[in-house]
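S.K.: Chains as they are written, first to last, in the working numbering: chain A, 1 to 710; chain B, 711 to 1035.
Keep in mind the hints are simulated off the structure, nothing from the lab. A hint or two may mislead.
Taking lysine-lysine pairs in the DSS-like style, the calculated list, with each CA pair at most 25 Å apart, reads [to be verified]:
no.: 1; chain 1: A; residue 1: Lys386; chain 2: B; residue 2: Lys882
no.: 2; chain 1: A; residue 1: Lys604; chain 2: B; residue 2: Lys754
no.: 3; chain 1: B; residue 1: Lys794; chain 2: A; residue 2: Lys269
no.: 4; chain 1: A; residue 1: Lys705; chain 2: B; residue 2: Lys940
no.: 5; chain 1: A; residue 1: Lys269; chain 2: B; residue 2: Lys768
no.: 6; chain 1: B; residue 1: Lys754; chain 2: A; residue 2: Lys638
no.: 7; chain 1: B; residue 1: Lys768; chain 2: A; residue 2: Lys208
no.: 8; chain 1: A; residue 1: Lys207; chain 2: B; residue 2: Lys940
no.: 9; chain 1: A; residue 1: Lys196; chain 2: B; residue 2: Lys754
no.: 10; chain 1: B; residue 1: Lys768; chain 2: A; residue 2: Lys342
no.: 11; chain 1: A; residue 1: Lys606; chain 2: B; residue 2: Lys754
no.: 12; chain 1: B; residue 1: Lys882; chain 2: A; residue 2: Lys668
no.: 13; chain 1: A; residue 1: Lys196; chain 2: B; residue 2: Lys768
no.: 14; chain 1: A; residue 1: Lys300; chain 2: A; residue 2: Lys668
Where chain B lies over chain A, by a calculated footprint (3+ residues, C-beta under 8 Å) [claimed, not checked]:
no.: 15; stretch: 180 to 193
no.: 16; stretch: 263 to 271
no.: 17; stretch: 274 to 285
A virtual CB, placed ideally from N, CA and C, is assigned to each residue, including glycine.
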Amino acid sequence: MKRLAAYLTMLLLAACDGGLWNNPYPARDAGRSILYTAFTERPKHLDPAEAYSENEYAFLANIYAPPLQYHYLKRPYQLVPLAASEMPLVTYQDSQHHVLPDYAPKIAYSVYEIHIKPGMHYQPHPAFAKDEQGRPQYDHLAPAQLQGMHAPGDFLHSGTRVVTAADYAYQIRRLANPLLHAPIYGVMSEYILGFKDYAQALQDALKKNPEGHLDLAAYPLPGVEVVDDTTYRITIRGKYPQFAYWLAMPFFSPMPEEAERFYEQPGMKERNLTLDWWPVGSGPYYLSENNPNRRMVLTKNPYYDSEHYPSTGDAGDVEAGLLHDAGKMLPLTDRVVFTLEKETIPYWNKFLQGYYDASGISSDSFDQAVQVSTGGEASVSDEMRKKGITLSTSVATSTLYTGFNWLDPVVGGSSERARKLRQAISIAVDFEEFISIFANGRGVAAQSPIPPGIFGYREGKAGINPVVYDWVDGQPRRKPLSEAKRLLAEAGYPNGVDERTHQPLVINLDTTSSGAGEKSRLDWLRKQFNKINVQLVVRSTDYNRFQDKIRRGDTQMFYYGWNADYPDPENFLFLLDGAQGKVAHGGENASNYSNPEYDMLFEKMKNMENGPERLAIIDRMLEIIRNDAPWLWGYHPKNYVLQHSWLYNVKPNVMANNKLKYWRVDPKLRTRYQARWNQPVLLPLWLGGAALLAFVIWMWRALQKRDETR
Amino acid sequence: MIAYLIRRLLYAVPILIGVNLLTFALFFVVNTPDDMARMQLGIKRVTPEAIRQWEQQKGYDKPLFYNRAADGMGRIADTIFWQKSASMFMLDFGYSDDGRNISREITTRMWPSLAIALPTFLIGLIFYVNFALVMTLFRATLLDRVGVALCVVLMSISSLFYIIGGQFLISKLWHLVPISGYAGGLNSFRFVVLPVVIGVVSGIGSSSRWYRTIFLEEMGKDYVRTARAKGLSEPGVLFAHVLKNAMIPILTGVVVVIPLLFMGSLLTESFFGIPGLGSYTIDAINAQDFSIVRAMVFLGSLLYIAGLMLTDISYTMADPRVRLS
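Taking the hints into account, I'd like the entire structure generated from these sequences.
M.R.: Here's what the structure looks like:
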C-alpha cells in the first residue's frame, strides 16, 4: 500500500511540471523557438524516391534540398534555386548531340546543367561518423551492436559531409531501382536518356542475385553525368520545360550513398532503421523524432547555412510584414513539433487554447471561426479577432470534378446527341450552390480544368465557360434551366424522356461515398438532375471496385479530382489527352475523353514556353473541351488557414511544401497568451470533492442509523 | 490442471488455423493483390509494371492457396497463404506492406494502450463493484432507485458523447488536463487521467447494474440469512460473504478481457491521440495492409484464448470446489 501511495505521489509530481495543467507540451519547452503543428495521417514513405503524397511532403520537403524550389512570396509561382547556385543551364541538341539554338524546331535532347552551391552539408547522422583512422564508424555492424538502437540519435557518434553533385546523380539512379517503386519512374523513363535500359539492367541484376547488394553505380546511365563535385548534367529526350518543376521535388534531392549502405546492414530493418523511416537530408531540418503514432519532430540542421529569407516579394508583402525578416538565415524556428491529431475536435480546441500555432478550419468549426460578408468576403469572427487570430486564404491548385465516361453509349462520345446531353447536365448541376452548402463557400466554381494562378486561366468574361455561363453585370451567371431543358430536348430527351424508347432517362453515378454525411451530398446531386427531369442512380461501391470500374471504363459518371504536381497548364490539360486514356492506355484521363484536335493541340502546347502563342493554343483547347463537356467542371477548393498573432511570415503558397523554414514564432507572446487562456478552474474539483465527502458522511450515518434501529 | 491446460493449448492450434484461414479468405475476397499494390503505390502515375514489381517483391504474385506450377510440398508452401501465415505460429509477424516491423510496432504501441486500458479496467472494476454493493446495501430505498435510474441514464448515452463532453468540460472549460496527446513514462499521467475518467464513467451504467443484479441474487441465499442470524452487520455480510460468493460470475466477465486490454480502444485512442494498438487494425484495413490485419487478428485470437484459460484458472482460485480436469 505504501508503495502504491509512493508511486501515485511520484505520478502526481511528474504531472505537476510547473506548467499549465492542460499544456500538452513539457513546461521546459515554454519560451523556446518551437513551431507546433499537427498531422492527421501518418506518412507511408519518407524515402524521397518513394514519397509522393502531400502528408509525406509536409516532412520531406523540409528535410531534403532539391536543386530548385518555388519562390515563397512571388506570384504567379516561380522557380528559384535552392541547392542550385543558379537556375539550370539548358542547352538543346540534335540527334547527333550538336548544340542547337533555343528556338530550333526539332530538338532531340535537352541538357540540364546544374551547379550546386559549394560547401552545403548533410544533417548530423551516424552514417557519416568516422573513426580515428577516417573509416566509417558504423560500417559492418554486427546485429549485437545494434542492441537498444532504434533511432539514428541512439548511436554515440555522428558526422556530416559536404553535399556533392554525385549525390544528386545517385538519387536519380535510385528512381530506377525496382526495389523502391518510385512513382515517377514511368514519367522519367520517357524523358531521361537511357533510363529505361538502366532500369532493365537493374532488374536483370536483381533477378540474378535477389538477395545481394544492388550496386546502382555499376550500370551505365547516359542521361545523368557528374561533371565535377558541384556540377552534374541531366539529358532528357526532346524539349520538356516542365522538367524544371520536377527538380523542385524531393525526388531529385541528394542522397549520400553511405546512408543507403548504413541502413542496408543486417539488423537495421528489424529495428525500423531504414531510409524510408529515417531520412538523411541536407535541408533546413532533420527528423529527430519519428513516432508517427504520436508525434514527429523536425530539428534545425546545424549545418544548414546556405539560404536566407527572400528580400523581394509581391506588392503588399512589405505592408503585410512579410519582408520583415528579409536576409535572415533560414530556418527561423529551431524545432517543429508535429502531433498526430486524427479527430478535428481536439485539434480545433487545442488551436483555440494556443497549443497549435496555425490550423485549418473544419466544417464543424467554420461558423465559429469565419464570417462571410454580404459581398462574399471571408474574415475571422469577432471571437477569433479578440484572440488576435488572423485568416489567410488561397485557391488550391486542385480541381474536383465529375467525369462522364466517354466510352459510355449514353453520355459518352462525340455525337451531337451526347454532347448536348452533357451540356444540359453541366448547366443543371449548380456548383455555386454546392460550394455554398457543402464547402462553406470555400471554393471557386471551375470554368475548365485549369485553376486560378496557373498559366492559361483567364479572369473575367474571357475566362468563363460560355456553355454553362452568361456574363451578366460583370459576373458569370449560370444559364437558366430552360437552356438546359432545351439542350436536353435537342439531345433526344424532351422533358427527360428518351424519344426512342419513351422511357425516362436514367444516369448512373459511381462513387465511393457512403455514410450519413455523404448522403446529403448525393441527395443534393439527385435534386440537380431532377431539375431537368433526369433520374440519377447512385451506385456506391468500395474504393477497390470503384477504381476497378474506372480502369475498365464501366461507369457513366464518377467523382474524381486532381492535385497539381506543378503549376503548369500541361499538368491539368493532360487529364483530357487521348493518349492518357485510362481504359486504352492506363493513363490519367479517367473519362477516356478523346478529341483529335485537342490531342494535336496538346502535343503542340505541352512543351512550349509560356507566352502568347501557348496561351492562344490553350484558349482553343479550352474552347473544345467546354463545348464537348467531358466533365462537370466542378470546383477548385479554397484553403483557409487560421494563425495566431505570435506566428509570422505566413503566406499561402500551395505549391511550396517547404514553407516551415520561413515561419517565425514569438514564443514569449505565445506563452503569455497561453497562460491567459488556460488558467485551471478548480471550483468544480472542490465542489465535486465536497459532494463526495457529504455523500460518504450521509451514507455512514444512514448505516449507523440502520444498525441502531436493528 | 496441467493436463487440462495442455489440452486447451492443443485445442487452440486448430482454432488459430481456422481464424487465420477465415481472415485470409475474407481479406482476399474484398482485396486483390492489385488493389493492395495500388493502395501502397498511390493512384497517381502508377504503371502496371510498378504494380507487378510490387506484387513480386512482397510475394503477392503467387497463387492464394494452391500452386499448380510447383512440385511436391511447394504446391502448398509456395502460396500466399502459407508464406504469410506459417511464420505467425512462431510469433514472427514479419513486415507490414510499407516495410515496418510489425512486432516492433505492436510492442511499441501496446504500452500506451495498456496505460489507458489497465487503470480504466482496475479503477472501473473497483468502482463498479463498490457502487453495486452500495446500491445492494441500500436496496429498495431512494438511493437504490436513484442509483438504478442513474445507471440506466448512463447506459443510454453514447460513448462518443462521454468523450466529447468530457473533453469540452474538463479540458476546454476547466483547463484541468490536456485535451489530447500522450507522453512517455511518468509524464503520461496527465494525458491518461481524462480518458481513464471517461472510460470509467462510461462503464458505470452497464457494469454496476450487472453487478447489482448478481449481488441481489446472492442476497436471497441461505448463507446470507445464516450470516445475518449470527449477528454480522449488513456491510460485513455484503463485503465478506456476498462479494466472495459472487466472484464466479464476476470473474467470468472480467478475467477474459484482461489479455485483450493490450489491444486498446479505437475510439478513445483516436480522440485522445493515444498512440496505442486501438487504431492499428482499422488503419491497416483501410490501407489494405494484409500483413498487419492477419497479425492483429491472430494476436487477438491468441489473447482471447489466453483470456478464456485464465478465466478457468481463476475459477479454481475463487472457488476451491472447482477442479479443472
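S.K.: Does each hint fit the structure? Answer for all of them.
M.R.: For each hint, the structure was consulted:
1. A:Lys386 / B:Lys882: Holds: A:Lys386 and B:Lys882 sit about 18 Å apart, inside 25 Å.
2. A:Lys604 / B:Lys754: holds (24 Å)
3. B:Lys794 / A:Lys269: holds (18 Å)
4. A:Lys705 / B:Lys940: holds (20 Å)
5. A:Lys269 / B:Lys768: holds (15 Å)
6. B:Lys754 / A:Lys638: Holds, at roughly 22 Å.
7. B:Lys768 / A:Lys208: holds (18 Å)
8. A:Lys207 / B:Lys940: Measuring from Cα to Cα gives roughly 85 Å; hence the hint is violated.
9. A:Lys196 / B:Lys754: holds (20 Å)
10. B:Lys768 / A:Lys342: Not OK: B:Lys768 and A:Lys342 at ~29 Å, beyond 25 Å, violated.
11. A:Lys606 / B:Lys754: This hinted pair holds, its Cα atoms lying about 19 Å apart.
12. B:Lys882 / A:Lys668: Within the cut-off at roughly 22 Å; holds.
13. A:Lys196 / B:Lys768: holds (23 Å)
14. A:Lys300 / A:Lys668: holds (20 Å)
15. 180 to 193: The restraint on the stretch 180 to 193 of chain A holds, since 6 of its residues have a Cβ under 8 Å from chain B and three suffice.
16. 263 to 271: Check passed, 3 qualifying residues.
17. 274 to 285: Satisfied; 3 residues make the cut.
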